[in-house]
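Novice: What follows is the residue order along each chain.
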Amino acid sequence: MIKSEDRQAIEELVYRSCLALDARDYKTFLGLCDPGFRYTVTTHSPEIRREMVWLDHDRKGMETLFANLPKHNSDHSPITRHATVYTVDAAGDSAEVVSALQVFRTQLDGGATELFAVGRFHDTVKLANGAATLARRIVRLETRQLGYGHHIPF
Amino acid sequence: MSKNAAQWSAPPKFPASHYVDSRIYTDQEIFDEEKEKLFRPAWSIACHESELQAPYDYRLFTHPAGVPLIIVRGDDQKVRAFYNICPHRGNTILYDPAGNAKRMTCIFHQWAYDTRGNCVEITRGEQGYQDRFCKEDAALREARCEVAYGGFVWVNVMDESPSLREFVGGALDILDPFMQQPMEVFHFHKALIRTNFKLWHDTNSEFYHDFLHYFNRITGMMQPGYYERKYTPFANGHATVGSMQIQYDKYEGSKERAVGWPGMARGGWYMVDLFPGMTYNLRTSVMRIDTSIPISPNEVLIEFRGLGLKSDSAEERKQRVFDHNMIWGPFGRNLHEDLLGVTGQGRALRPGTDSRYLLHGREENNTIHDEVGMRHYYAEWSKRMERPAYDPYREGKPEVRAAA
Numbered sequence: 001m002i003k004s005e006d007r008q009a010i011e012e013l014v015y016r017s018c019l020a021l022d023a024r025d026y027k028t029f030l031g032l033c034d035p036g037f038r039y040t041v042t043t044h045s046p047e048i049r050r051e052m053v054w055l056d057h058d059r060k061g062m063e064t065l066f067a068n069l070p071k072h073n074s075d076h077s078p079i080t081r082h083a084t085v086y087t088v089d090a091a092g093d094s095a096e097v098v099s100a101l102q103v104f105r106t107q108l109d110g111g112a113t114e115l116f117a118v119g120r121f122h123d124t125v126k127l128a129n130g131a132a133t134l135a136r137r138i139v140r141l142e143t144r145q146l147g148y149g150h151h152i153p154f
Numbered sequence: 001m002s003k004n005a006a007q008w009s010a011p012p013k014f015p016a017s018h019y020v021d022s023r024i025y026t027d028q029e030i031f032d033e034e035k036e037k038l039f040r041p042a043w044s045i046a047c048h049e050s051e052l053q054a055p056y057d058y059r060l061f062t063h064p065a066g067v068p069l070i071i072v073r074g075d076d077q078k079v080r081a082f083y084n085i086c087p088h089r090g091n092t093i094l095y096d097p098a099g100n101a102k103r104m105t106c107i108f109h110q111w112a113y114d115t116r117g118n119c120v121e122i123t124r125g126e127q128g129y130q131d132r133f134c135k136e137d138a139a140l141r142e143a144r145c146e147v148a149y150g151g152f153v154w155v156n157v158m159d160e161s162p163s164l165r166e167f168v169g170g171a172l173d174i175l176d177p178f179m180q181q182p183m184e185v186f187h188f189h190k191a192l193i194r195t196n197f198k199l200w201h202d203t204n205s206e207f208y209h210d211f212l213h214y215f216n217r218i219t220g221m222m223q224p225g226y227y228e229r230k231y232t233p234f235a236n237g238h239a240t241v242g243s244m245q246i247q248y249d250k251y252e253g254s255k256e257r258a259v260g261w262p263g264m265a266r267g268g269w270y271m272v273d274l275f276p277g278m279t280y281n282l283r284t285s286v287m288r289i290d291t292s293i294p295i296s297p298n299e300v301l302i303e304f305r306g307l308g309l310k311s312d313s314a315e316e317r318k319q320r321v322f323d324h325n326m327i328w329g330p331f332g333r334n335l336h337e338d339l340l341g342v343t344g345q346g347r348a349l350r351p352g353t354d355s356r357y358l359l360h361g362r363e364e365n366n367t368i369h370d371e372v373g374m375r376h377y378y379a380e381w382s383k384r385m386e387r388p389a390y391d392p393y394r395e396g397k398p399e400v401r402a403a404a
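Quick note, the sequences are listed as chains A and B, same order.
Under our numbering, think of the first position of the first sequence as 1, with each following residue one higher.
Under our numbering, think of the first position of the second sequence as 1, with each following residue one higher.
Rather than coming from a laboratory, the hints here were simulated on the basis of the structure.
Careful, some of the hints might be misleading.
To give an idea of the chain A side of the interface with chain B (calculated C-beta under 8 Å), a few residues [what the hints assert, rightly or not]:
1) TYR26
2) ARG50
3) VAL53
4) LEU55
5) THR64
6) ASN68
7) ALA90
8) ARG144
9) GLY147
10) GLY149
The calculated EDC-like cross-link candidates involving lysine to aspartate or glutamate, where the alpha carbons are at most 16 Å apart (straight line), are [stated by the list, open to error]:
11) B/LYS13 with B/GLU363
12) A/LYS126 with A/GLU5
13) B/LYS190 with B/GLU303
14) B/LYS37 with B/GLU364
15) B/LYS78 with B/GLU146
16) B/LYS102 with B/ASP176
17) B/LYS255 with A/ASP58
18) B/LYS37 with B/GLU380
19) B/LYS78 with B/ASP114
20) B/LYS318 with A/GLU142
21) B/LYS318 with A/ASP58
22) B/LYS78 with B/GLU142
23) A/LYS27 with A/GLU63
24) B/LYS190 with A/GLU142
25) A/LYS60 with B/GLU252
26) B/LYS3 with B/GLU299
27) B/LYS35 with B/GLU386
28) A/LYS71 with B/ASP210
29) B/LYS318 with A/GLU5
30) B/LYS35 with B/ASP354
31) A/LYS71 with B/GLU252
32) B/LYS230 with B/GLU363
33) B/LYS230 with B/GLU146
The beta-carbon is built from N, C-alpha and C at its ideal position, and this holds for glycine as well.
Hey, can you work out the whole structure from these sequences and the hints?
Specialist: In structure tokens form, the structure reads like this:
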């Protein structure tokens, strides 16, 4: 059984990761991540009946992706991640965490908000001295039509 | 100096072949006509053979002319295409986008069909129809179907139209050496974009917009050989773009593509744009196929496929997927920029925005920033539509319209 303070630390980690990315505060987001962090977006295509990987980077790759963003032309509409931690399965000094994810996009002009994507976070969290760090994040998307897409990972 | 209304409405100072009237992107009348005159007679890529590996595997595809199709591999391994419309009461026969169906059964009244289009079951047929109507009367409507040019499944819904070979002509010859090994789809996604389908094809047909892409500027435009890439127009509105050596390692986070493509020079990149709305795009390690399905004058559904080689090892496939996603996935650097670009065009070209002309006037000896690809497309468009793209309603010059 996971200790309540560990569960609280894990939930706070997941929510802080959303807040940091929502704010495009990549330094803070990476500060929540372990040196061996890896980030992957996956989904299943019923059309081609295959599992697909849509993004896959180690920590260095994520740092570069964030650093390159200003050089690209991107949609500037803010996106808002809403996560709810569903399950936490702890084993030793790590935990497997499943959270529901909804991503909303708000138009800059007029402020209309639309549901952009739904999916789940499948996180591996390291626990040490009451602190939680993100070692692995798999974003498992249900939504596969993302219109013109997005440069910033969910 | 800015322009007043009259100046804004005046045709550009180019030959008429070097600009188009923006109403060809916005008018419902023209859009409806395009579906009949451009898409219905054309061959379209419905899927790839790797999506139909086993007998009875099927795949659904909405033809750009609007027809819902079932693509199915039969018990004899032949791939056929049928309307996904039950001849009984017009219901959809198959609902899931892909699957395996020895019998294709309409859920409504359980009429069933085999993979050769024969009706094999009419529930309580004799009681209801006696000898007036039987299974032979209830076969599916078959569309022409061929597997060709890299294992893609091509369909044509018209009984009488040129053959696939006549339709493609020599446009895919440039890719022929690279399509000798079986390929396999590893990526598929659809994007519904608020723009006209031709604007997406235009983007695939001109490289001047490489200015939009940091990735392409740094790995291509600033590298030797970029301005030597040439367009070659082909019959039926198709065009190809020659290769160069892309310097992938010039982009931070990227590196020289370790997994190449059999027969292709290091860093090679070929494109073939097929009229009226498909593109083959072989970029060193990945083949991308775009298929446009027009929804309305200002909406297009684009199907994107990424393919590697069927013989790939797990490591090779992983690298191809990485290369694909770097620029072409829904989170990729280039695709997002391209789709943003054409969405912006869609926004600016809505009816009532008073947009008048789009320029296709760059001439650079058919090299990479020459707009000959678009000019060639609209010459074919004008011929098939029996309307000049620069004056689709044959109104003549503005001064003539004003006098009328």
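Novice: A separate judgement is required for each hint: does it hold in the structure or not?
Specialist: Hint by hint, here is what the structure shows:
Below 8 Å, beta-carbon pairs count as interface contacts, and A/TYR26 has none with chain B, the closest being about 14 Å; its hint is therefore violated. The interface hint given for A/ARG50 is met, as the beta carbon of that residue sits about 7 Å from the closest beta carbon of chain B, less than 8 Å. Look at A/VAL53: its Cβ gets to within about 5 Å of chain B, closer than 8 Å, so that hint holds up. At its closest, the beta carbon of A/LEU55 sits 5 Å from a beta carbon of chain B; the interface hint therefore holds under the 8 Å criterion.
For A/THR64, the interface hint holds, the least distance from its beta-carbon to any beta-carbon of chain B being 4 Å, beneath 8 Å. For the restraint placing A/ASN68 at the interface with chain B, the shortest Cβ-Cβ distance is roughly 6 Å, inside the 8 Å limit, so the hint holds. This hint is violated: A/ALA90 has a C-beta 30 Å from the nearest C-beta of chain B, more than the 8 Å allowed. Hint status for A/ARG144: holds, given a least beta-carbon distance of 6 Å to chain B, under 8 Å.
Because the beta carbon of A/GLY147 sits about 6 Å from the nearest beta carbon in chain B, less than 8 Å, this interface hint is met. A hinted interface residue such as A/GLY149 counts as satisfied when its beta carbon comes closer than 8 Å to some beta carbon of chain B; here the least separation is about 4 Å, so the hint holds. A distance of roughly 14 Å separates the Cα atoms of B/LYS13 and B/GLU363; the hinted pair therefore holds under the 16 Å criterion. For the hint linking A/LYS126 to A/GLU5, the alpha-carbon distance of about 14 Å falls within 16 Å, and the restraint holds.
The straight-line distance between the Cα atoms of B/LYS190 and B/GLU303 is roughly 5 Å, inside the 16 Å bound, and the hint therefore holds. Note on B/LYS37 and B/GLU364: the hinted pairing is violated, with a Cα-Cα distance of about 32 Å set against a maximum of 16 Å. Taken as a hint, the B/LYS78 and B/GLU146 pair is honoured in the structure, with Cα atoms around 9 Å apart against an allowance of 16 Å. Of the pairs offered as hints, the one joining B/LYS102 and B/ASP176 is violated, with about 34 Å between alpha carbons and a cut-off of 16 Å exceeded.
Restraint check: the Cα-Cα separation between B/LYS255 and A/ASP58 comes to about 15 Å, which is no more than 16 Å; the hinted pair holds. Between B/LYS37 and B/GLU380 the alpha-carbon distance is near 11 Å, which keeps this suggested pair within the 16 Å criterion. Among the hinted pairs, B/LYS78 with B/ASP114 is consistent with the structure: their alpha-carbon atoms are about 13 Å apart, no more than 16 Å. Taking the CA atoms of B/LYS318 and A/GLU142, the gap is near 22 Å; set against the 16 Å cutoff, the hint is violated.
Our distance criterion of 16 Å between C-alpha atoms is met by B/LYS318 and A/ASP58, whose separation comes to about 14 Å. For the given pair, B/LYS78 sits about 13 Å from B/GLU142 by alpha-carbon distance, which is consistent with the 16 Å threshold. Between A/LYS27 and A/GLU63 the CA atoms are separated by roughly 9 Å; this keeps the pair inside 16 Å, and the hint holds. Between B/LYS190 and A/GLU142 the CA atoms are separated by roughly 13 Å; this keeps the pair inside 16 Å, and the hint holds.
For the hint linking A/LYS60 to B/GLU252, the alpha-carbon distance of about 11 Å falls within 16 Å, and the restraint holds. A threshold of 16 Å between alpha carbons decides the hint, and for B/LYS3 with B/GLU299 the separation of about 30 Å lies outside it, so the pair is violated. Only pairs whose Cα atoms come within 16 Å are accepted, and B/LYS35 paired with B/GLU386 is accepted, the gap being roughly 14 Å. As the CA atoms of A/LYS71 and B/ASP210 are separated by approximately 14 Å, the hinted pair is consistent with the 16 Å bound.
Simply put, B/LYS318 and A/GLU5 have alpha-carbon atoms about 39 Å apart, too far for the 16 Å limit, and the pair is violated. Proximity of B/LYS35 to B/ASP354 is assessed by CA-CA distance (about 25 Å); at most 16 Å being required, the pair is judged violated. The suggested pairing of A/LYS71 with B/GLU252 holds, with an alpha-carbon distance near 11 Å, which does not exceed 16 Å. A distance of roughly 12 Å separates the Cα atoms of B/LYS230 and B/GLU363; the hinted pair therefore holds under the 16 Å criterion.
Simply put, B/LYS230 and B/GLU146 have alpha-carbon atoms about 30 Å apart, too far for the 16 Å limit, and the pair is violated.
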